[in-house]
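With the hints as extra help, turn the sequences into a complete structure.
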Amino acid sequence: AQSVTQLGSHVSVSEGALVLLRCNYSSSVPPYLFWYVQYPNQGLQLLLKYTSAATLVKGINGFEAEFKKSETSFHLTKPSAHMSDAAEYFCAVSEGTGFQKLVFGTGTRLLVSP
Amino acid sequence: EAQVTQNPRYLITVTGKKLTVTCSQNMNHEYMSWYRQDPGLGLRQIYYSMNVEVTDKGDVPEGYKVSRKEKRNFPLILESPSPNQTSLYFCASSFLAGGPHGELFFGEGSRLTVL
Chain A
1 AQSVTQLGSH VSVSEGALVL LRCNYSSSVP PYLFWYVQYP NQGLQLLLKY TSAATLVKGI
61 NGFEAEFKKS ETSFHLTKPS AHMSDAAEYF CAVSEGTGFQ KLVFGTGTRL LVSP
Chain B
1001 EAQVTQNPRY LITVTGKKLT VTCSQNMNHE YMSWYRQDPG LGLRQIYYSM NVEVTDKGDV
1061 PEGYKVSRKE KRNFPLILES PSPNQTSLYF CASSFLAGGP HGELFFGEGS RLTVL
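Taken in sequence, the protein lines are chains A and B. For the first sequence, this note's numbering begins at 1 and goes up steadily by one. For the second sequence, this note's numbering begins at 1001 and goes up steadily by one.
Take every hint as true, because none was put in to throw you off.
Per the computed footprint, the stretches of chain A lying under chain B, defined by three or more beta-carbons under 8 Å from a beta-carbon of chain B, are:
1. 39-50
2. 103-112
Some chain A residues well away from chain B (every beta-carbon gap over 10 Å; in silico):
3. Leu7
4. Val13
5. Leu20
6. Asn24
7. Phe63
8. Lys68
9. Ser73
Each pair of labels, with its calculated beta carbon distance range:
10. B/Pro1008 <-> A/Ser70: 41 to 49 Å
11. A/Gly62 <-> B/Thr1022: 33 to 41 Å
12. A/Ser113 <-> B/Lys1018: 44 to 52 Å
13. A/Arg109 <-> B/Asn1028: 32 to 40 Å
14. A/Ser12 <-> B/Thr1013: 35 to 43 Å
15. A/Arg109 <-> B/Glu1001: 26 to 34 Å
No lab work stands behind these hints, which were simulated from the structure alone. Glycine residues also receive a C-beta, built at the ideal position from the N, C-alpha and C atoms.
Take a look at the structure:
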């Protein structure tokens, strides 16, 4: 069964610093990978997704993620953090063989200080 | 505006008192799902529905019921709530044709406390 592991339940950065949120996946077949963001008191919204096309995926708000099969990773990055990026970020995986199975990680809360 | 609407957003209830959390989407999505979010556990799927009258269990279905009588609505029913069902609940929907690669649209969440 597929799964994702997000390293670090909290990540703190200064405004303008690089953001790096880590996600490693486990899947028996080529996976489909997603990053969702949850702003305070809101539902989740899709940030970006990897579906076996380009390995470097660009999303909204300047975020991007790179699929690395050799490392089974799909880390999320942003060159320069903004205060409005403070949120919780979830990595998710689907094996593509059953629509209903989107498995989420435990989430990483990003804190941005001035 | 395309949206998934959940009600109530906040609810405090007592053990054993039946309650229903409603979910409605206006995007004509075939697929709908319920998740619960707990600290340190992320989102776990409770039930999902592929279309009207088609529902199935997710990873944590115990203590919950659902129904899908209309395409737009997917209520979550707690027949006899217990304190371990205190959680933040999310409803989500998507086009079935999008498959697992498609985007899930989430409601704003319903925070339930069972005393």
